[in-house]
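Trainee: Given next are the chains, with one letter for each unit.
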Amino acid sequence: MGELLSVREVGKTYTGAKGQQVTALADVDLDVAEGEVVALIGPSGCGKSTLLRMIAGLDGAFDGELTWTKPPRPGKDIGFVFQEPALLPWRSVERNVSLGLEALRDNSSEARQRVRDLLELVGLADFAQCFPKELSGGMRQRAAIARALAYDPRILLMDEPFGALDAITRDRLHDDLLRIWEATRKTIILVTHSVEEATYLADRVAVMSARPGRIKAVHHVPLDRDRDPSTRRLPQFAEFAGMLRQELE
Amino acid sequence: MRSASLGALSLLAGVGLWWLVAVVFAIPAYRLPTPGAVASHALALAGEGALTLHIQQTLAEVVQGVLLGSTLGVVVAVVFVRMPVAERLLMPVIVVAQVTPKISIAPLIVLWLGLGIGSKIALIALVSFYPVLVNMVTRLRSMPQGVEDLVRLLRLGPLARLVKIDLPYALPAVALGLRLGVLAGVTAAVIGEFIGAEAGLGYLERQAAENDDIRLVMISLGMLCLVAWVLYAVVGLVERRVNDRFGGQSA
Chain A
1 MGELLSVREV GKTYTGAKGQ QVTALADVDL DVAEGEVVAL IGPSGCGKST
51 LLRMIAGLDG AFDGELTWTK PPRPGKDIGF VFQEPALLPW RSVERNVSLG
101 LEALRDNSSE ARQRVRDLLE LVGLADFAQC FPKELSGGMR QRAAIARALA
151 YDPRILLMDE PFGALDAITR DRLHDDLLRI WEATRKTIIL VTHSVEEATY
201 LADRVAVMSA RPGRIKAVHH VPLDRDRDPS TRRLPQFAEF AGMLRQELE
Chain B
1 MRSASLGALS LLAGVGLWWL VAVVFAIPAY RLPTPGAVAS HALALAGEGA
51 LTLHIQQTLA EVVQGVLLGS TLGVVVAVVF VRMPVAERLL MPVIVVAQVT
101 PKISIAPLIV LWLGLGIGSK IALIALVSFY PVLVNMVTRL RSMPQGVEDL
151 VRLLRLGPLA RLVKIDLPYA LPAVALGLRL GVLAGVTAAV IGEFIGAEAG
201 LGYLERQAAE NDDIRLVMIS LGMLCLVAWV LYAVVGLVER RVNDRFGGQS
251 A
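As you go down the protein sequences, you meet chains A and B in turn.
Going by full-length UniProt numbering, 61 is the number at position 61 of the first sequence; the sequence numbering is gapless.
Going by full-length UniProt numbering, 224 is the number at position 224 of the second sequence; the sequence numbering is gapless.
It is possible that part of the hints are untrue.
[Said to hold, decoys possible] Away from chain A, derived, C-beta distances all over 10 Å, residues of chain B: (1) Leu-20; (2) Leu-108; (3) Leu-156.
[What the hints assert, rightly or not] Here are the simulated lysine to any residue pairs, SDA-like style, with alpha carbons at most 20 Å apart: (4) A/Lys-133 / B/Val-147; (5) A/Lys-76 / A/Arg-114; (6) A/Lys-186 / A/Lys-18; (7) A/Lys-133 / B/Arg-240; (8) A/Lys-186 / A/Gly-2; (9) A/Lys-76 / B/Pro-158; (10) A/Lys-133 / B/Ala-160; (11) A/Lys-133 / B/Pro-168; (12) A/Lys-76 / B/Ala-160; (13) A/Lys-18 / A/Pro-212; (14) A/Lys-133 / B/Trp-229; (15) A/Lys-216 / A/Asp-203; (16) A/Lys-76 / B/Arg-161; (17) A/Lys-133 / B/Lys-102; (18) B/Lys-102 / B/Gly-118; (19) A/Lys-76 / A/Ser-44.
It is worth saying that the hints were derived from the structure and are not from the lab.
Backbone N, C-alpha and C define an ideal beta-carbon position, used for all residues, glycine too.
Start from the sequences and build out the full structure, keeping to the hints where you can.
Mentor: Shown next as structure tokens:
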């Protein structure tokens with residue numbers, strides 16, 4: 001696994017409402033390897049979403065350096081899943097998923113096949129022609145994941161993608177994401193506030209602290225890559241999650 | 001269905017009351033003709049085809065004026081949202097034009113554009129432009145952050161963004177603006193026709209008033225009411241369809 005991205009001494013300061021200087025992020029260093037799943041975890045206000053938006057190119061006002069081994073091509077290499085699905089209500093699931101391909105003017109049969117495969121992968125093949133309002137919350141978020149993957153990006157960035165879902169749906173989407181990773185081997189950076197989610201999904205977990213946002217520690221998850229619901233019952237799982245929880249306190 | 005029959009019932013009751021008042025108080029027909037007299041006169045005029053021209057004229061004015069006004073509203077809304085400088089420059093002018101009573105602008109427009117349909121279309125466009133503009137600007141400004149971010153991530157160009165995101169997202173607001181614009185548009189049509197025209201229901205009503213023909217005044221008024229109601233209902237129907245497909249927050 002080669003290096004994909006390195007974050008060096010990244011910081012962000014902005015001027016608050018009362019004119020005071022607020023440090024959102026300070027001295028953030030992080031390396032992300034190709035094919036790796038990295039979870040960013042931390043209390044609210046620690047700047048984890050800000051960091052993710054910087055990596056996505058959605059926030060350009062920061063100090064420090066983001067170095068890519070291969071710079072992301074505009075509109076092509078970054079897949080992003082937001083906390084809300086942000087689907088367009090007037091487009092069918094299939095047309096929502098292929099929005100990125102439309103933007104790239106990619107009308108090839110491979111692209112169309114890819115959309116079908118992705119819908120199959122996220123379990124929405126039978127709902128391709130449905131509209132977002134006809135789907136449940138979990139299905140919408142699955143569609144949003146398929147949309148982010150449709151143009152085959154080099155990296156998938158996820159900003160608390162399961163935060164708005166109920167516990168049962170969330171667990172199911174966790175398994176979906178493991179399956180998606182198995183099938184695509186995408187590099188994934190996942191922002192979350194759930195220690196179980198980070199433990200279950202990630203190879204490494206970066207724990208952040210708030211005010212100013214810093215990376216406190218980066219841990220390897222001591223679990224096989226091959227995970228399934230039974231993994232959650234392993235003692236190592238509980239131990240690691242407990243350690244993370246303690247570190248967040 | 002129940003509310004429709006209830007509405008019909010209340011309308012009927014109103015007509016009944018009118019009839020009762022006219023008969024019981026023995027009001028002379030040149031003051032308050034009975035609904036029957038008005039209706040039979042209307043049927044006679046309709047039979048001669050004397051109303052058709054005026055109905056067509058007013059309808060044509062409103063439809064063209066509202067189309068022109070709302071198209072302008074959509075274009076200006078997009079420009080304002082993309083270029084806030086344009087909004088700061090132009091909004092004061094637009095607000096002044098909107099707060100000025102339309103009836104006071106109408107003579108000027110009729111002087112400039114003449115007695116024909118052009119002056120009415122201009123006046124209607126002026127009043128229907130604003131609700132579309134304001135509603136669309138508000139809607140576009142409330143685009144969910146996720147959709148905004150998506151547009152940037154996918155590097156959608158300005159035109160692609162307009163066609164694929166902005167216009168469909170704003171359609172419910174356009175429909176709402178259109179519904180309000182149609183009502184204002186009928187009023188503007190009548191004002192224009194009062195000031196100076198060669199045809200139209202407002203023109204007919206004014207002629208009738210000058211001739212002390214109270215039955216024709218009431219017929220013109222009734223026809224105007226009908227025209228406005230039909231247009232409002234049609235746009236309302238379209239609006240419901242649009243809201244169904246394009247409405248709500250993107251989720």
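Trainee: Would you mind marking each hint as holding or not holding in the structure?
Mentor: Going through the hints against the structure:
1. Leu-20: 51 Å, holds
2. Leu-108: Per Cβ check, B/Leu-108 is outside 10 Å of chain A; nearest 42 Å; holds.
3. Leu-156: Its Cβ does come within 10 Å of chain A, the nearest being 5 Å, so this is violated.
4. A/Lys-133 / B/Val-147: Holds: A/Lys-133 and B/Val-147 sit about 16 Å apart, inside 20 Å.
5. A/Lys-76 / A/Arg-114: Judged against 20 Å, a Cα distance of about 15 Å means the pair holds.
6. A/Lys-186 / A/Lys-18: 42 Å, violated
7. A/Lys-133 / B/Arg-240: Holds, at about 16 Å.
8. A/Lys-186 / A/Gly-2: 13 Å, holds
9. A/Lys-76 / B/Pro-158: OK: A/Lys-76 and B/Pro-158 at ~18 Å, within 20 Å.
10. A/Lys-133 / B/Ala-160: 24 Å, violated
11. A/Lys-133 / B/Pro-168: 16 Å, holds
12. A/Lys-76 / B/Ala-160: Measuring from Cα to Cα gives roughly 16 Å; hence the hint holds.
13. A/Lys-18 / A/Pro-212: Holds, at about 18 Å.
14. A/Lys-133 / B/Trp-229: 32 Å, violated
15. A/Lys-216 / A/Asp-203: OK: A/Lys-216 and A/Asp-203 at ~17 Å, within 20 Å.
16. A/Lys-76 / B/Arg-161: 17 Å, holds
17. A/Lys-133 / B/Lys-102: 42 Å, violated
18. B/Lys-102 / B/Gly-118: 16 Å, holds
19. A/Lys-76 / A/Ser-44: Distance of about 30 Å is beyond 20 Å: violated.
Of the hints listed earlier, those the structure fails to meet are numbers 3, 6, 10, 14, 17, 19, in rising order.
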